[in-house]
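Visitor: So the protein sequences, as listed, match chains A and B.
1 is the number of the first residue of the first sequence in this note's numbering; add one for each residue after it.
1001 is the number of the first residue of the second sequence in this note's numbering; add one for each residue after it.
Hints should not be assumed to be uniformly reliable.
Stated by the list, open to error - Some chain A residues judged to face chain B by a derived CB distance under 10 Å, without partners named:
| id | residue |
| --- | --- |
| 1 | 12 |
| 2 | 13 |
| 3 | 33 |
| 4 | 35 |
| 5 | 37 |
| 6 | 42 |
| 7 | 43 |
| 8 | 47 |
| 9 | 93 |
| 10 | 97 |
| 11 | 101 |
| 12 | 104 |
| 13 | 109 |
| 14 | 113 |
| 15 | 114 |
As the list claims (entries may be wrong) - Partial list, computed: chain B residues near chain A (C-beta under 8 Å):
| id | residue |
| --- | --- |
| 16 | 1002 |
| 17 | 1041 |
| 18 | 1055 |
| 19 | 1102 |
It should be emphasised that the hints constitute simulated quantities derived from the structure, not laboratory data.
Glycine included, C-beta positions come from ideal geometry on N, C-alpha and C.
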Amino acid sequence: AQTVTQSQPEMSVQEAETVTLSCTYDTSENNYYLFWYKQPPSRQMILVIRQEAYKQQNATENRFSVNFQKAAKSFSLKISDSQLGDTAMYFCALNAGGTSYGKLTFGQGTILTVHP
Amino acid sequence: GAGVSQTPSNKVTEKGKYVELRCDPISGHTALYWYRQSLGQGPEFLIYFQGTGAADDSGLPNDRFFAVRPEGSVSTLKIQRTERGDSAVYLCASSLQDRETQYFGPGTRLLVL
């Protein structure tokens, strides 16, 4: 079975500062994918960043980057130069393959509030 | 291009009634997924289609829930004899192929009174 754990129910940050959201996961598969999704109050789930487990290099997308520690099964998201529009619920998700081929397993989410 | 669309946006029904929720995926996407999201929680997997067939329906909670995708494009999630515990946001996602990035629709908020 696959599990994803986000241990920070809520986080806050000042505009223009940097914040890191934590995520740990568990799977017995070797070829898996990890994602961070953002869900603002509008309810639309938006992809932030994706990481393939076989890639050692950490993924980056503009102000968003990850720290992928495969041995520790850790996948944190760093948001630099935080903006008011980053305020949302953030979900870490795992696509583990194997018998779970195709489906995403989500964490419980972290509510991020960016203050002006 | 157009993203994933879902109709209706909101649905209010009474306990015991039948409801249908529709998902229109991104054109050309062969894989389609349904998830259920309770308030303050992460989405939970319900069912996944590859083309017209259900590749994995292990997340459907019971036999009151059923989904179809007859032509490999639009999908309908059907819930019979609705219960108050079925109240949630139902999210649909599609991807170009299996294991590719999933793109989500805006969801349907279902409220069972």
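Visitor: It remains to establish, for every hint, whether it holds in the given structure.
Guide: Hint by hint, here is what the structure shows:
| no. | hint | in the structure |
| --- | --- | --- |
| 1 | 12 | 17 Å, violated |
| 2 | 13 | 21 Å, violated |
| 3 | 33 | 7 Å, holds |
| 4 | 35 | 7 Å, holds |
| 5 | 37 | 8 Å, holds |
| 6 | 42 | 7 Å, holds |
| 7 | 43 | 5 Å, holds |
| 8 | 47 | 6 Å, holds |
| 9 | 93 | 8 Å, holds |
| 10 | 97 | 7 Å, holds |
| 11 | 101 | 6 Å, holds |
| 12 | 104 | 6 Å, holds |
| 13 | 109 | 5 Å, holds |
| 14 | 113 | 15 Å, violated |
| 15 | 114 | 20 Å, violated |
| 16 | 1002 | 14 Å, violated |
| 17 | 1041 | 6 Å, holds |
| 18 | 1055 | 6 Å, holds |
| 19 | 1102 | 6 Å, holds |
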